[in-house]
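A.B. asks: What follows is the residue order along each chain.
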Amino acid sequence: MTAELGAFALVLALALSLAQAVLGFAGVRRPALAGAGEGAAAAAFIGVAGAFAAVVTAFVTSDFSLANVAAHSHTAKPLLYKVSAAWGSHEGSMLFWCMILTGYGAAVAVFGRGLPARLKSRVLGVQGLLGVLFLAYTVFASNPLARLAEVPVEGRSLNPLLQDPALAFHPPMLYLGYVGFSVVFSFAVAALIEGRVDAAWARWVRPWTLAAWSMLTLGITLGAFWAYYELGWGGWWGWDPVENASFMPWLVGTALLHSAIVTEKRGALSGWTVFLALAAFTFSMLGAFLVRSGVLTSVHAFAVDPSRGVLLLSILGLSSGAAFSLFAWRAPALSPGGVFAPASRESLIVINNILLTAATATVLLGTLYPLITEAFGTTTSVGAPYFNLTFVPLLCLALLVLPLGPLTAWKRGDIAGAADRLKIAAGLAVLGGVAAFGIVSPRKALASAGLALGFWLIAGSLAEVVERVRAFRAPWPEVRRRLTGLPRGAWGMTLAHAGMGVMVLGACFETSWKVEAAEALPVGGQLRLGAYELTLKDVGTIDGTNYLAERGQVTVTRGGRTVCAMTPERRFYPAGRQNTSEVALCNRGLDQVYVVLGERRAGPAGEPAWLVRGYFNPWVQLIFLGPVLMALGGLLSLSDRRLRFAVGKTA
Amino acid sequence: MSARSLIVALLAVLTMAAASDPSERLPDPAQEARARTLFREVRCLVCQNESIDDSDSELAGDLRRVVREQVAAGRSDGQVKAFLTDRYGPYVLLKPAFDVANAALWLTPILAVLAGLALLMARWRRRDGARPLDTDEETRLAALLDDEAP
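Here the protein sequences come in this chain order: P and C. The opening residue of the first sequence carries number 1469 in the working numbering; numbering runs sequentially from there. The opening residue of the second sequence carries number -16 in the working numbering; numbering runs sequentially from there.
Same shape as in the complex, but just chain P:
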């Protein structure tokens, strides 16, 4: 019964989204209809949320009469994974997508009070159209509430690799980011219909971009962390097509975040900002298509269904095709905005945008290249080595220029002056790089330069704050007054830029100086891992909730002192007859010791032994801490009074 109510709520939400679209566009001229459109937007969200609640209920109560539950759940599965399995399948994840899409529409309707009535009405109209497309797909091609004719006694259970606490947080965050760009897309289409993109429009778009970007940053970071500790997923970043699919909207979103500032403060680049606003959600949809259609081979492939992939591609073609056609028609008429000199903050932001766009193009081409060559009869692989040789230099260039931006004035700035004010930061960065080259063994020049780049970003971001508050130059009361007077947006920017530096430090250090060791150990055997010793104390079997496992007791010592007792496991899930490996992590400040229990084999004297692999991952925590700081920076900016959703005095 709950499922039928849910299915009804879902169909209702589809009808309400259609009403939202019609009323939204009709409401441009008749305010009364616009109000009804806002109501429909809120109601559509409630409908999808109701359907989603029905799916969760079916998973929690193990209602195997639903095809989706029978295929992805099991009575013995822990409750957390019953709930999170609701978005772990193709059908469920698309419903989740729709819930967030309509949720953002409802948020515009409810929180967008300060928006000009016509713009708001059109935004809701476009968001309603997107809702219609995705809800129609969910209702007709991917219904998570479809019943089975013959009800199985037991479900087939969720892929054990997905039975992880990260499943509870990674997809929701990712989707909040992906789909958050739908609002930005709707704003861009609405502005193109109106034929006006100005500073006020950019001010309304920025908070939504910031929100989506922050969520996407957190989502990708959680995914990277998950892939880091899940075996066989290629580490925290492997340039896998599915990873790239989530990274492209992030890159475009980052470019948009910056170009929107130019449009807001200087009225320039309006056409480009609109283009990026359309592109960000286009890449989100492309990601949804690539991940689900199975056209590319990936270690993260899940919920793959080629036949429905075509439908997703059609939705992408229809919505983005229409939007970019509108852009081609209207963009030439947009005002080009204020002029700026080569030496200006605008120019530096444009350079950032050029590099980020080139980086996106590189990731896109590298990801799709195997498909393109396949169409011409040869198959080519494009893997991590390609991206490391192309993307990484582009990113390094962008990061090298980054600290100059905030220190250069708008319109006509003084780059030499900015560089002069960054002298101390540059000195510290070089010092850091030289110190790394001298101290860290083995000696690596390129990696030390990478560390210097990380220090440059952190010191450069802080230098801008020092400059703004006139620290070391003005008397302390004035510095304090200036410090407390700095807007949250400024702190957010500093935090995000410094967070990027933190991430660069971690990525360079971990990639270049990780230590690996592997040996078949009998009980009591030892393995040397850099400065650490791993001892296999014991191996026992345990009976988990829905799995059986071999669990190793591994102690980590350093200089004879025990620092960690670890329990890596090899699990067997009888429901799906699948094996997984649970790695054990030991935190050592910024570093981690990573231990894997491998297969059992005969030791040198014929005694039982286990293949134990250990990794010493130096500064690995920074890889995840950096992006978290970036996202916090985004959220901090979002809390700035000047950037509240739809706050705007002038139009």
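Keep in mind the hints are simulated off the structure, nothing from the lab. Please read all numbers here as calculations on a predicted model, not as lab measurements. Among the clues, some could well be false.
[As the list claims (entries may be wrong)] Calculated pairs, BS3-like style, for lysine-lysine (alpha carbon to alpha carbon, straight line, at most 25 Å): (1) 78/C <-> 1982/P; (2) 1879/P <-> 1733/P; (3) 78/C <-> 1912/P.
Fit chain C to the supplied structure of chain P, relying on the hints for placement.
C.D. replies: Then chain C, alone, in the frame of chain P:
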């Protein structure tokens, strides 16, 4: 399930960096390190986008053995890669060759940056259109206006 049958069930567990298995290692650490670097550029053909360094599939194990043998026999990286592409086609390498066929792939990043810079420079020049005319232009303008005068 008894411990013994659990062990049987776990025999096929997937592992990370399967190439670190001590039973496969070459005696010479320098050669082993070179082989490991090569592994990261070779695709496990039957896997879901994994290098032979990561995959524990049988084919990946075979390819690792082939590469290690070649490295031990003193072949250069280029020779090892050529040997693999002759057997399995270009698909086996995760880093596409720098050649004419892949020119678009390798040149796009730099072309994208150049195109962007060209647009930016065009934008800077547009500002020049708004500057006051210099003396040379003033005289030309005056001459044009004179021509039009009756």
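A.B. asks: Confirm or reject each hint.
C.D. replies: Structure-based check of each hint:
1. 78/C <-> 1982/P: holds (23 Å)
2. 1879/P <-> 1733/P: holds (10 Å)
3. 78/C <-> 1912/P: holds (23 Å)
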